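**Student:** Chain residues, written in single-letter form:
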Amino acid sequence: MAAIDVSGLVVRYGEVTAVDGLDLSADAGSVLALLGPNGAGKTTTVETLEGYRRPTAGRVRVMGLDPVTDRRRLAPLIGVMLQRGGVYPTMSARDALGLFAAYYDDPVSPAQLLDLVDLAAVARRPWRTLSGGEQQRVSLALALVGRPRVAFLDEPTAGMDPAARQLLWSVVRRLRDDGVCVLMTTHYLEEAERLADRVVIIDGGRAVAEGTPAELVSAGGGREIRFGAPAGIDTAALGAAVEAAVAEERPGEYLVAGAATPARVASLTAWLAERQLPLADLRAGRQTLEDVFLRLTGERAEAGR
Amino acid sequence: MKPRPVIAQARAEILMTLRRGESLLLALGIPVLLLVFFSEVDVLPVGTRHPVTFLAPGVLALAVMSTAMVGLGIATGFERSYGVLKRLGTTPLGRPALLTAKTAAILVVEVVQVAVLVPVALALGWDPSGGVLAALGAVLVATVAFAGLGLLMAGTLRAEVTLAAANGLYLLLLLLGGMVVPLAKLPGGLRALARLLPAAALSDVLHASLGGDPTPARAWAVLAAWAVVAPALAAAAFRWE
Chain A
730 MAAIDVSGLV
740 VRYGEVTAVD
750 GLDLSADAGS
760 VLALLGPNGA
770 GKTTTVETLE
780 GYRRPTAGRV
790 RVMGLDPVTD
800 RRRLAPLIGV
810 MLQRGGVYPT
820 MSARDALGLF
830 AAYYDDPVSP
840 AQLLDLVDLA
850 AVARRPWRTL
860 SGGEQQRVSL
870 ALALVGRPRV
880 AFLDEPTAGM
890 DPAARQLLWS
900 VVRRLRDDGV
910 CVLMTTHYLE
920 EAERLADRVV
930 IIDGGRAVAE
940 GTPAELVSAG
950 GGREIRFGAP
960 AGIDTAALGA
970 AVEAAVAEER
980 PGEYLVAGAA
990 TPARVASLTA
1000 WLAERQLPLA
1010 DLRAGRQTLE
1020 DVFLRLTGER
1030 AEAGR
Chain B
15 MKPRPVIAQA
25 RAEILMTLRR
35 GESLLLALGI
45 PVLLLVFFSE
55 VDVLPVGTRH
65 PVTFLAPGVL
75 ALAVMSTAMV
85 GLGIATGFER
95 SYGVLKRLGT
105 TPLGRPALLT
115 AKTAAILVVE
125 VVQVAVLVPV
135 ALALGWDPSG
145 GVLAALGAVL
155 VATVAFAGLG
165 LLMAGTLRAE
175 VTLAAANGLY
185 LLLLLLGGMV
195 VPLAKLPGGL
205 RALARLLPAA
215 ALSDVLHASL
225 GGDPTPARAW
235 AVLAAWAVVA
245 PALAAAAFRW
255 E
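Line order of the protein sequences matches chains A and B.
With the first sequence counted from 1, adding 729 to any position gets you my numbering.
With the second sequence counted from 1, adding 14 to any position gets you my numbering.
Any given hint could turn out to be false.
To be verified - Derived contacts from chain A toward chain B, CB cut-off under 7 Å, selection only:
1. Glu779
2. Ala804
3. Leu811
4. Gly814
5. Pro818
6. Leu828
7. Ala831
8. Pro836
9. Trp898
10. Tyr917
11. Leu1006
Read the hints as simulated data drawn from the structure, not as lab findings.
This one's a predicted model, so the numbers in the text were calculated from it and none came from an experiment.
We put the beta carbon where it would ideally sit given N, CA and C, even for glycine.
Okay, chain A solo, but in the shape it has when bound (with noise of 0.2 Å):
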């Protein structure tokens, strides 16, 4: 049994339709990242996983529960990170912990969580005094007090300082090992290749592209070269030369939609090197996450305008 597991989960607020026809699947021991740019649906899908919302249609299951209507045999089983608030602000986090974990029957200690996420120093602090990182890191603690076996966390890094990032990092890697699912959104790029086992890329509600971080960078991957050199060089007769179209999709930025075989590198960089252009950087083949994050939802725009 998967611990997640949606099908044509569509989810409507009126006439916007924030989730549109999205399929998810993730198991014990593994963490999958629901990467998209604001407003793509990635925090209406993890509510509606969570339960706070009912799908307009489709499957939800978290450990084979219905989270509406299971809400009670599914609470102790999962833990919940929201984007934000979710904390009496006169709480000092120690108490908020302590209190948290009376919800639970075998709750992780106070102190533990405290130690985990490195905040015994200012564990007697109300929580609306401590900086935004460390509002997040409460956040994390709380979620993990009833030991979850699936653990939501909706952009955990956002606000927290690159320290704190790579602590939540590796407390994500512990669940993981510990066999704990983890459904995580982010729109750090670089977040989602270093963590998720899988990525669903999501725009408009619903997953544009799917698969290991791996498999998404080499997808498409060695049809293309790109290039960085100075703005406005003559793509028409760069293109003839290496015998496949070239655009300038940034400033300073090129794409040669054409494969990228040694034969046209040469060729391109033989034709920088005749006029003396500067070549600022080059890439045949791999691409970064991002190019395929940018292409993919670039599309997507380019198509509905």
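Keeping the supplied structure of chain A fixed, place chain B upon it in accordance with the hints.
**Tutor:** For chain B alone, coordinates are given in the frame of chain A:
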């Protein structure tokens, strides 16, 4: 419903209430001040020889309204706007346990209020004549009614609006509730309106019972009606986020 989560939640709610300066002022400061000041400074047209005879039951009614309506409403409104209620929704605590804990917390605060106000009133010369059971019953029914009103505001309005509305309603019901100004002093039409509100109904029952008189059936009926309608409206209209 497991007892441990409810007890922990009730304890947290009580501690948060008692640690908030503004809720202490509302729960204890203002009632004690009104009781002492108007008992000693004879400016109110209370119509009894000892002002405290009128003021003590009225101020007890005020204390119940402060805690069950204003305190609960404002705190819950802010919990809603901070996402606390939303977050609790995915814990095993559950709504029935949360409501039970909040109710228990209100009752405990009310016990503290009575434990402070009654000795102060006695020291000022209050001489109640029985009727404790009827008074307790009225306090319980009124607590349900006021809590319903507080939660109705908290669950439908923005937190800042709830804050303003709860305080406004507090002042209005203080003046029209027979708490410091006897209903008999209000003009006829206003008096008739006031008698339909839960505040005056509670203070009517408290004045009668603690004064040794038979409690008015109409006031009980008004109180009971509010205790049914207000929580039902709150339950139907409450939005958790």
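**Student:** A separate judgement is required for each hint: does it hold in the structure or not?
**Tutor:** Here is what the structure says about each hint:
{"no.": "1", "hint": "Glu779", "result": "holds, 5 Å"}
{"no.": "2", "hint": "Ala804", "result": "holds, 4 Å"}
{"no.": "3", "hint": "Leu811", "result": "holds, 6 Å"}
{"no.": "4", "hint": "Gly814", "result": "holds, 3 Å"}
{"no.": "5", "hint": "Pro818", "result": "holds, 6 Å"}
{"no.": "6", "hint": "Leu828", "result": "holds, 5 Å"}
{"no.": "7", "hint": "Ala831", "result": "holds, 3 Å"}
{"no.": "8", "hint": "Pro836", "result": "violated, 10 Å"}
{"no.": "9", "hint": "Trp898", "result": "violated, 23 Å"}
{"no.": "10", "hint": "Tyr917", "result": "violated, 23 Å"}
{"no.": "11", "hint": "Leu1006", "result": "violated, 54 Å"}
When the structure is compared with the earlier hints, violations turn up for hints 8, 9, 10 and 11 and for no others.
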